[in-house]
Every structure is written in structure tokens, then in C-alpha cells.
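Asker: Spelled out from the first residue to the last, the chains are:
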Amino acid sequence: MAHLTTSRTRAESYDAIVVGSGAAGGMAAWVLAKKGAKILMLEAGRNYDAVKETPMFQAFSDAPLRGAGFPEKPNGFYDATIGGWNVPGEPYTVQRKSDKGWQDAIVDNRVTTDQNFMWWRARMLGGRTNHWGRVSLRMAEIDFKPKSTDGLGFDWPIGYDDVSPWYDQVDQLIGIYGSKEGIANNPDSDFFQPPPPPRVYEQLLMRGGKKLGIPVIPSRMAILTKPLNGRPACFYATACGRGCSIGANFQSTTVLIPPALLTGNLDIITNAMVREVTVDASGKATGVHFIDKQTGKEEHVRATTVILGASSLDSARILMNSKSALFPNGLGNSTGHLGRWLTDSTGSSMTGRLPVLENSPIANEDGTSSMHTYAPWTIERQKEASKMGAPRGHYMAWSGGRGMPDMGTAGEVSSLVGNAWGKKYKEEARRYYGTFVDIHARGEMIPNEKSFIELDPVKKDQYGIPVLRFHFQWSDHEIKQVGHMQKSFAELIEASGGVLTNPVPTDPSKVMTAGGSVNHEMGVARMSADAKDGVTNSFGQLWDCPNVLVVDGAVFCSNPYKNPTITIMALAWRACEELIKRSKK
Amino acid sequence: MNQTLVFGADAPATLGFDPDLLKKEIPWPRLLTKDEKETLSQLVDLLIPADDHGPVASEVGVVDFLDEWISAPYPSQLKDRDAMREGIKRFDALAQHRHKNDFRKLEATQQMALLEAIATNGSEENKRVFSSFKLIRDRAAAGYYTTREGWKAIGYVGNMPIAGNFPAPTEAALKHAGLL
Chain X
643 MAHLTTSRTR AESYDAIVVG SGAAGGMAAW VLAKKGAKIL MLEAGRNYDA
693 VKETPMFQAF SDAPLRGAGF PEKPNGFYDA TIGGWNVPGE PYTVQRKSDK
743 GWQDAIVDNR VTTDQNFMWW RARMLGGRTN HWGRVSLRMA EIDFKPKSTD
793 GLGFDWPIGY DDVSPWYDQV DQLIGIYGSK EGIANNPDSD FFQPPPPPRV
843 YEQLLMRGGK KLGIPVIPSR MAILTKPLNG RPACFYATAC GRGCSIGANF
893 QSTTVLIPPA LLTGNLDIIT NAMVREVTVD ASGKATGVHF IDKQTGKEEH
943 VRATTVILGA SSLDSARILM NSKSALFPNG LGNSTGHLGR WLTDSTGSSM
993 TGRLPVLENS PIANEDGTSS MHTYAPWTIE RQKEASKMGA PRGHYMAWSG
1043 GRGMPDMGTA GEVSSLVGNA WGKKYKEEAR RYYGTFVDIH ARGEMIPNEK
1093 SFIELDPVKK DQYGIPVLRF HFQWSDHEIK QVGHMQKSFA ELIEASGGVL
1143 TNPVPTDPSK VMTAGGSVNH EMGVARMSAD AKDGVTNSFG QLWDCPNVLV
1193 VDGAVFCSNP YKNPTITIMA LAWRACEELI KRSKK
Chain G
46 MNQTLVFGAD APATLGFDPD LLKKEIPWPR LLTKDEKETL SQLVDLLIPA
96 DDHGPVASEV GVVDFLDEWI SAPYPSQLKD RDAMREGIKR FDALAQHRHK
146 NDFRKLEATQ QMALLEAIAT NGSEENKRVF SSFKLIRDRA AAGYYTTREG
196 WKAIGYVGNM PIAGNFPAPT EAALKHAGLL
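Protein chains in written order, with my numbering: chain X, 643 to 1227; chain G, 46 to 225.
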């Protein structure tokens, strides 16, 4: 990408500085640059070009360690993320569940870890949109009004009708496949692209779901099945988590940043680590301080508006570090809500096997690399979960079929073949390959008093910036919900003719993912109807400093079982259009 | 995976946080000795022989993969390193006991008889080698089925670009699964 600038060549001042380049920052920069505003985007990671860097078509034998995960790349060699649970020189502090002691976070298994929180960070242009799961679910009215519905959690100052026009625009811009189903609390889109057909294992799950009254419907994913806005459709090879060199799935780096650069209104500085937002004597933001990682020098750049889209936790950290005489507790924190109400999605999974698929006719089941179907939450299922003490829901999704063999494939097969070796082993491998199904669920966490972030009192990163310290606790609501997940997995696998690999665990807290490890951390600068109840208004403007906007997941008041990315994008778009309207006045 | 990462001059050669994904560059030295490699080569070829669907394991680089794998400076691989080298010793010890020679120096028929005994005869002596047998078989199979030749051998036919819509399952596949 040729339009990158540097500390040396940048302008002195911009209409807006956008911190971050992923779903939030990318969206904000695209909207504003298209409207003619002069924008400087600051990205903490390096420049990244999905067209040139994506390993398309590579077999795992083309990778070190056959592509298996290792501490520096926990999701495997080909995962697009530059970063992960640990970023060199950028520690964060977590609490051990066992003895409540504090420690620097380490790379660990997200289910068995003793850490209360795990934080996945990307340090690259496009941020986490380069590897994300592409699940694109609209929040429903009930998700915006949970407290009014059952007295738990917090209502948003806005509802579905405020956001749906922006969802419509996001859908038309990025392309999402799905189907109109009319299931309550799972809003459809008028702009879905056609979904790919369900694979054989998915048709078995559909049949199993039918027996149980669990709808199994086409998934909703930001992957093109038809060309859109000059981007080609998916050609159904190469897993989306590697990124996509042809731009057939949504990545900020292929969908938002190139057209934003084409306007000539966007400058980008990569390797720019923002430390704080600066304010003048009247309390108005004047720009940001950042560390140029290339030169090691601290820079200041001015702007009329500062827009934070650095990811929930980094945006909140920047605000906490923006201390001044006027704002001694950090910017936007006069109410004390900054850093509080931290949530993540709940998660758990289960493996089963569908013996009827043994020795199936051989077929290409790559598809869009992700699931083509999923099981949304329904009112009926909530009634069942409520009886188990789980007031909030989850959706189920899966992987299975004849995916590209990886290091785990032989392990799965080997669990069934006992002592076979030689030609017999190879026959057995052909027989069992593709018969496994991994079901997982993502559920809603209700914000609680015990889950929040603060600045570590002593620890700083290699740039001298105070780091975050995490307090996090699931409540009984979430643990019981995971119990419902596990029960549902087992029922669905068995109703589909499958067998469980392991018995249903008796203690759900032992099989749930650690806080943060589903990468849906939200809520630490929540929006509110009234200045006393939150950090921003419904357009992401800080109540305390209206020329600073937060446009990422930090503003979420709830964290429902709807992956947040398209809601972040819809809200960022809405916030930026409002900013333009206000600026024109 | 549970470890604190070590940075700086003392750090062992690792793949790093930001490796070039289009290149396969292994920064650590390979540790297997010539004899160990020879033993593994013979073992993996007996465990994963050629058949109608694919070649013998050593032909697609499985021995080199095992060397790369057990030489890596990461926790799971360090565990495998010790277990695999110990496994080779156990095979040799059993071969020495039965035939007064290291495993790699036995006739193929003797090697196959030993493997069959380890796999099926639960004597105390055989049991000691069974976990090594499984480890070597399973890591070799992982190395094998992740190659393009291995894909054919297991029945993976994806990774092919498709123009137009992704095809629905065939009638034969649906019938096999009892869906038609």
C-alpha cells in the first residue's frame, strides 16, 4: 500500500485522528475520508498487505511444525494474527484463580488456565479483522433492552430501530450470507447473500435439531458468495482465518482501507503506539501523544476530533492514561464508569462423532471454511435454560466434515484405531476421517461489579505506558448457562445419530473458556442516556469531552450471544455520520 | 503451551511472532542422530506403508518432519522429544533382547513380527514399548496426512478453487448418511 505516511511526512493537524485500523477504526476512517474529512489513522502494529502476505492454498506441510500452534502463534502458523495472547514488550496483569495472586499474563490453554483473563491483541494494519471468525449476527431489540426485559444487566440508550439502518448499510458494504428465517430475537437482513448449501454432517445436525425443536439454519457470515462492490465471490479454498488475498471475506485491510486511501484524504502511520489523548485548558481534546516505534520518539499530532477504535480494552487504557489537571482520573472518567462492566462471551465446546459418515463417498467439503449452518437461540430454549438458572442464551455452531487434515486429524483418528498399524491403520484412517463434529457455543455474559480493568499501579510496557490489570469473574448465571450448553451439545450430537467422545462434565465451570479468551471483550466505556450513568452518549462522544469519540466495543452496554463485529461497524458508521452532521452545523 | 516467553539474547531460536507465512524456515538445529533417523525411517515405513492410495511415509518427508518437530524449542515438542528418543531406545532394547541387534539392523520380517507383538501381545515387555509405538505412529501419521500425498491417502480432495456456487452434497453422499 503506497499511501502510508510517517512521523516525518505527516501533516501537523487533521480533521480527525482515528486510533486503530480494524472493524471500528477502519470503518470510521472509511466513512470520514469518503465524506472529505482529512484523517490520520494511527495503528500500533505494522503495515500488513493481505494480498501479498496471505498463505493461499498452502498445505500444512508447507508450514513449520505442520502448521500447529506454538506460543508465539497460538492459533497456528497460518493464522493471520500478528500478536496473540502475548505481545512482546506489552505485558498485562491478570489474577490467578487459585490463590488470587497477580502475575504477568502468559500464553496458556484458554480452558485449563489458572488466569482470570486472556487478552488477544493484533499488532497489524486491520487488527483482528484479519483473522476473525466472520460470524455476523444482528443484535435484537431484546439485546438492547435486557434490564427492561428481565431486570438484569443494563439497557442501552438506543434500540434496534436506531441501529438497523446502519446494519443495512454495513451488510451492503461488506456482504453477509444468510437466510431470512423470521426467528424472534434473531433479526434477518434484507441484504443477505445466498448461503452455501449445508454439508452432509450439517444436514445430520439439522435433522437432529428438528427432533429436539432446535432450529438449525444457514449461518450468517461476512464471506461473499456473490461478487460485491468490485470484490469477487469466495472460491471455496483456503481457511478464512489465514486472511484472504482476493478479498472475498471481510477484512478492514481489503474492504475498508484501500478505498479510504483512494480518496486521498487518509494518512496512515503504522507502528504508532498511542499513549494518551491531550486536552487544552478548557478541557477540549487537542490531539494525541504517540510513540513512533520505528524511531522510539514521542510525537504529538493535533486534530479537531479524536476517534478511539483501538479495541475496547486499548481504547479504555488510552483514556485511563489521559490524565491531566482537569481529568486526574483519566479522560471520560468523571463518573467512575471507565473500565467497569467488562464482559466477554461465554464459551464451551464438545466433540462427538457421527459413525454413519464412516467410509462416506469422498467429496470436497471445504466450502467457506466455516460452518454453513448454526443453531440460533430461541424463546423456547430460553424457557428451558431459565429453569436451569441461566437467564441468558447462547448459540451453537460447529466444525466437522472432511476439512484439510492438520496435526489434530491423526490424533482424532488414532483415538479410534487402537493398535492398528501398517495398511490396516491406513484403512482405518480413511474410514474415520471426516466423521468428527466439534460443537461450540457462544453465550451472553451479564455485566457484573467484579469484572473491570484498572491501570496496574507499577507496571509499564516497553514504551513506558502503564499497562492494564484485570479483575474478572463469571457469575452463577454464566456457569449455569455453560451447563445448558453442554447438555444441548450432548442432546444434539445424540439426536443426530452421533456418539459423545467424553461424558457430559458435571462441573460446567471446568469446561468454560477463561474471561477474554473468546475475544469479545466489551463494555469498559459504556454509552448511556444520561451523563451520570456512563462514559459516552449514544454516538460514542465522551460526556466529559465531546470531541473524543469511542467507536469500538467499549461502548457496549450488553454483550449478547451475537458476535460484536457488525454491531461495532454499524455503531461506528452511525457515530461518524452524526459527527459530520454536527460539524456542518 | 503454559510458559513465559523468553526474549533477548538468551532466547532459543524460535519462529517468532511475525514469521513470513509464505516461507518455511526452521530456525532451530535438527537434533536426531543418523542412527535415530534410520530407526525412525524404518519404523514409519512399516507403520505407514505404501498402498493403493498413497506412498510410504519416508517418501513424503515424514522422518525430516519428526526431526523438525522434536527439535523445536517449545513445551509440547520438548515433551515429544524426550518421549520419542526414549521410544527409539525401547525399540532397540526389545530388539536386542529378542534378536541381539538394534531394531534398524533387523530383517524386515523380524521388525514386522516385533511390531505385531508390541501391538497385540500384552506381555509386560511389549507393554513398555506400546506407548512409544503409538507416539511414533501418531506423529508420523500427522506428518503424513498433512502432505498433499497424504490428502489423497486419507480422502481429502479440497483446497481446489471453485467458480460459481459451492456444490451441495451428492445423492450418493446423502444416501450413505441415510439422509435420502
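Heads up, a few of these hints could be off.
To be clear about the criterion: a stretch of chain X counts as covered by chain G if any three or more of its residues have a C-beta under 8 angstroms from a C-beta of chain G, and this derived list gives those stretches [stated by the list, open to error]: (1) 1001-1015; (2) 1072-1083; (3) 1167-1173.
Negatives, chain X to chain G, calculated, CB over 10 angstroms [as the list claims (entries may be wrong)]: (4) Asp704; (5) Pro807; (6) Val842; (7) Met1030.
By construction, these hints were calculated from the structure, which means they are not laboratory data.
Here the structure is a predicted model, which is why all the values come from computation and not from measurement.
We put the CB at the ideal spot given by N, CA and C, even for glycine.
Asker: Please name the hints from earlier in the document that this structure breaks, with their numbers sorted from lowest to highest.
Answerer: 3, 4, 6
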